[in-house]
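Put chain C on the given structure of chain L with help from the hints.
There are 2 protein chains.
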Amino acid sequence: MPDNQRPQRFIDRLESAVRRRRTPVLVGIDPHLELLPPNVGAGDVENRWMLPREKLAEAVRVFCAGVLDVVASLVPAVKFQLAFFEQLGPEGMRVLLELVARARREGLLVILDGKRCDIGSTAAAYAQGMLGPPSVSPWGGDAITVSPYLGEDSLQPFVETAVARQAGIFVLVKTSNPGGGMFQDLVADGMPIYRHVARWVEHQAVTTKGQYGYGDVGGVVGATYREQLVELREAMPHTWFLVPGFGAQGATPRDVAAAFDAAGLGAIVNNSRGILFAYRRREFERFGPARWQEAVEAATRDMIEQLRAETPAGRLVGSL
Amino acid sequence: MPDNQRPQRFIDRLESAVRRRRTPVLVGIDPHLELLPPNVGAGDVENRWMLPREKLAEAVRVFCAGVLDVVASLVPAVKFQLAFFEQLGPEGMRVLLELVARARREGLLVILDGKRCDIGSTAAAYAQGMLGPPSVSPWGGDAITVSPYLGEDSLQPFVETAVARQAGIFVLVKTSNPGGGMFQDLVADGMPIYRHVARWVEHQAVTTKGQYGYGDVGGVVGATYREQLVELREAMPHTWFLVPGFGAQGATPRDVAAAFDAAGLGAIVNNSRGILFAYRRREFERFGPARWQEAVEAATRDMIEQLRAETPAGRLVGSL
Chain L
1 MPDNQRPQRF
11 IDRLESAVRR
21 RRTPVLVGID
31 PHLELLPPNV
41 GAGDVENRWM
51 LPREKLAEAV
61 RVFCAGVLDV
71 VASLVPAVKF
81 QLAFFEQLGP
91 EGMRVLLELV
101 ARARREGLLV
111 ILDGKRCDIG
121 STAAAYAQGM
131 LGPPSVSPWG
141 GDAITVSPYL
151 GEDSLQPFVE
161 TAVARQAGIF
171 VLVKTSNPGG
181 GMFQDLVADG
191 MPIYRHVARW
201 VEHQAVTTKG
211 QYGYGDVGGV
221 VGATYREQLV
231 ELREAMPHTW
241 FLVPGFGAQG
251 ATPRDVAAAF
261 DAAGLGAIVN
271 NSRGILFAYR
281 RREFERFGPA
291 RWQEAVEAAT
301 RDMIEQLRAE
311 TPAGRLVGSL
Chain C
321 MPDNQRPQRF
331 IDRLESAVRR
341 RRTPVLVGID
351 PHLELLPPNV
361 GAGDVENRWM
371 LPREKLAEAV
381 RVFCAGVLDV
391 VASLVPAVKF
401 QLAFFEQLGP
411 EGMRVLLELV
421 ARARREGLLV
431 ILDGKRCDIG
441 STAAAYAQGM
451 LGPPSVSPWG
461 GDAITVSPYL
471 GEDSLQPFVE
481 TAVARQAGIF
491 VLVKTSNPGG
501 GMFQDLVADG
511 MPIYRHVARW
521 VEHQAVTTKG
531 QYGYGDVGGV
541 VGATYREQLV
551 ELREAMPHTW
561 FLVPGFGAQG
571 ATPRDVAAAF
581 DAAGLGAIVN
591 NSRGILFAYR
601 RREFERFGPA
611 RWQEAVEAAT
621 RDMIEQLRAE
631 TPAGRLVGSL
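If you read the sequences in order, they're chains L and C. All residue numbers for the first sequence refer to this note's numbering, where the first residue is 1 and numbers rise by one. All residue numbers for the second sequence refer to this note's numbering, where the first residue is 321 and numbers rise by one.
Please keep in mind that the hints were generated in silico from the structure rather than gathered at the bench. None of the values given here were measured: they were computed from a predicted structure. All residues carry an ideal CB built from backbone N, CA and C; glycine is no exception. A couple of the hints might just be wrong.
As the list claims (entries may be wrong) - So the derived list for chain L, only partly shown, Cβ under 7 Å to chain C, looks like this:
#1 D69
#2 Q87
#3 G89
#4 I119
#5 T122
#6 Y149
#7 L172
#8 G179
#9 L186
#10 V187
#11 M191
#12 R273
Said to hold, decoys possible - So the derived list for chain C, only partly shown, Cβ under 10 Å to chain L, looks like this:
#13 E366
#14 R373
#15 Q401
#16 M413
#17 R414
#18 G434
#19 A445
#20 D505
#21 V507
#22 V517
#23 Y532
#24 G533
Chain L with its partners taken away, still in its complex shape (with noise of 0.2 Å):
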């Protein structure tokens, strides 16, 4: 399909490549220093924080760059954990930016994983700095994940940049940590807070719908907790959903399989560690340390036949 013919609104697009890779598999980003292989530059992990943060940050870019080339043509999206390129200073920053487009060239969506948050002009400057393509924005970002706490005012910029960038954003909803629960289950007029911040989500999701009858706002639900998510995605029609909790967090490709519509759309399932590390996991350590190349390759395409196998995503066809 031509270019000027694909979907231009975030959402159409999301959908448009969930389709076309017949996969909603998220690969998460997330260079944890400790776990990076030996051989890309980062030495033994006893001596690593002794490295110059130049140092790192190369090999967190050999690293992440190795994980793009082998999962560009196999998955949709990347999702960038910012957390862990800001730890490395203006350096990692600096490889982030290359990444995202390095990303972005080889056809991948890019989610970057920021939780931002603020209010009004500040949270617009956020937005502005973090949506849309490189003409407009330094960090070139299709969709960010931003967190609730501060209300509508310090969202609606978010989701006017979104709009206004052909951008999208995942409001965290109910997250997938053991502890998510301490404020965002309490219970108020009735039902628990997520619930509220779900209401929200779902009405904004509605008001910048796509062609295909989800929004350019989503939210991050997280399958660690498989009956919040079953509720939700009754809830939340509309909304398009994040999934963590995948893999390392625990939760099985059943969890998962409660984010989906009939049709196997409406959710994209993060899998950070579980595919970055592959080559640690007993089911890939054939591959050891210095082919984790491989193990990337063999635990995203274990990911996608699981998800075909026991979850609506199997229903996924290729054409628009």
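Just chain C now, kept in the frame of chain L:
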């Protein structure tokens, strides 16, 4: 007092700095591009966004360095709003780094306002990147702001890193923006969500208590909701408050007064636009855009005087 006798714990260094300067004024470094004066190299406001990012970043550097040079001898601390630096890409981040180093050299405590939040190991990466002196952290913050939506296990790594590095965190409790109540004010188990967050923060403040009774874990409590500020001051006796909302956002010295304890301690009061862009305020228009730096000084002195005259901060004594 020689350096080796200075208290080392963050909260003690903060209290000591507030006493030495005899003011709790915190200058917020929020370089809104559209508000920069014309003589810092960013040209006319109409054509500003056409300039290359390097040029804009350099203008931000010149402007913020000028602000730091003026306020360093007047106030105990500055707060950098990360969004306005991120917005300019890697160039902006390099400028941020240079300004943080300058502020530290000039004896100011540095708060990095990024409102970060994430789960477990990712939260640790943020904390390790941002907290502590430049010898251990690329970004060099004495303290950072964090958002609580993800719950306890997302906050704990920030607390641990802060304590280990003699740094601090300020957790969003009750924010100053008009829509802040949307989720924060929902009532669960008989109290609003912000009180649930407050309870956790106060508990952490107690466990990280320094020699003067406040803890390394502080809270962000806006001055625009006076009633809640009074309530939270009462409920959180060991929690130092970072108070936004003064000036441009509408809070008066009388509103802010409720943030302090009887000795004038327990809070720092942020002012960003009202100080940085004082040349645009009627009271300081005599300086004109070219003499913006004098307007910064006049506005800082004016705020210091207002808080001395109308709040318990007037009781601050210079000695430790």
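Now for the hints, and whether the structure bears them out:
no.: 1; hint: D69; verdict: 23 Å, violated
no.: 2; hint: Q87; verdict: 4 Å, holds
no.: 3; hint: G89; verdict: 3 Å, holds
no.: 4; hint: I119; verdict: 4 Å, holds
no.: 5; hint: T122; verdict: 5 Å, holds
no.: 6; hint: Y149; verdict: 5 Å, holds
no.: 7; hint: L172; verdict: 6 Å, holds
no.: 8; hint: G179; verdict: 3 Å, holds
no.: 9; hint: L186; verdict: 4 Å, holds
no.: 10; hint: V187; verdict: 5 Å, holds
no.: 11; hint: M191; verdict: 10 Å, violated
no.: 12; hint: R273; verdict: 9 Å, violated
no.: 13; hint: E366; verdict: 18 Å, violated
no.: 14; hint: R373; verdict: 6 Å, holds
no.: 15; hint: Q401; verdict: 6 Å, holds
no.: 16; hint: M413; verdict: 5 Å, holds
no.: 17; hint: R414; verdict: 5 Å, holds
no.: 18; hint: G434; verdict: 8 Å, holds
no.: 19; hint: A445; verdict: 4 Å, holds
no.: 20; hint: D505; verdict: 9 Å, holds
no.: 21; hint: V507; verdict: 5 Å, holds
no.: 22; hint: V517; verdict: 7 Å, holds
no.: 23; hint: Y532; verdict: 29 Å, violated
no.: 24; hint: G533; verdict: 26 Å, violated
Against the hints set out earlier in the document, violations occur for numbers 1, 11, 12, 13, 23, 24.
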